[in-house]
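Visitor: Heads up: the sequence lines are chains A and B, in that order.
Read in order, the letters of the first sequence are residues 15 to 128 in this note's numbering.
Read in order, the letters of the second sequence are residues 15 to 128 in this note's numbering.
One copy or two, it doesn't matter: identical chains are merged, so the pair holds either way.
Derived pair list, reagent style DSSO-like, types lysine-lysine, alpha-carbon separation capped at 30 angstroms:
1) 70 <-> 88
2) 70 <-> 47
3) 88 <-> 23
4) 47 <-> 71
5) 88 <-> 47
6) 71 <-> 23
7) 71 <-> 88
8) 70 <-> 23
9) 47 <-> 23
No lab work stands behind these hints: they were computed from the structure.
Number of protein chains: 2
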Amino acid sequence: MEHSSQLLKGVLDMCLLALIAEDPSYGYEMASKLEQRGLELVSEGTIYPLLSRLQKKGYIEGYFVESAGGPPRKYYRILPDGSDRLSRWAHEWQTVSNGVGAILNGGPNGGSRG
Amino acid sequence: MEHSSQLLKGVLDMCLLALIAEDPSYGYEMASKLEQRGLELVSEGTIYPLLSRLQKKGYIEGYFVESAGGPPRKYYRILPDGSDRLSRWAHEWQTVSNGVGAILNGGPNGGSRG
DNA sequence: CTCAAGTACCTTGCGGAACAAGGTAAACGG
DNA sequence: CCGTTTACCTTGTTCCGCAAGGTACTTGAG
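I would like the entire structure built from these sequences, with the hints used as guidance.
Guide: In structure tokens form, the structure reads like this:
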């Protein structure tokens, strides 16, 4: 089922996917990136399971890269299916976002002046 | 705990509160209103527990009104605490909404041209 | 009255999402 | 060796929202 409600729950999935689509990245870094964009809501314990889920669904793939000052990093790269899913999610997000915005502003038939 | 992540989960709470803030309403009707605004994601089984939670937190209060063609309706009206909470939620929503939008569009420092 | 349908409310059982907390491992400096 | 930072992963718990089920009031058909 592609219920829009899943969109709300899957907002983090979508954000992670969008981040990876921009540039391959790794979990530890994504937490920082999310903050830069205004979403300081994620902890590592949230991100890693999410990344695994995304990979399991075939949206992304991971590969290890040696790091200079620490353990190897697990980078993730977007796959065609992920790109496709991201487009759909982005579209759904627009719909929901607009809907919520409309409700917050009094709705199209309510009017902000009413 | 005022984590923004709760905002994503609590989007329905917020929408219901916004609806009630506009005009007192009752559960059965709110489902329809949500649809009018583009959110067709809610069923009655979702709304009623939400309404109870909102009331329990002191954001709204319910009162019964006789109905012509059916059982009495339980209208909800917003309370000062609810009004206040709604303002905060709306503000947080803006932040998160903008953040997600930024991520979807390539981010402020990423650029759509990469 | 009985049966069906529409309005309106509420609860229970289930699965998924995110958090908090905890554990493992590699590199650097004292 | 030990402590800190970087970096990854798992487990236990809570909360959310859906699907399904149940109750109650009113109107219309037979």
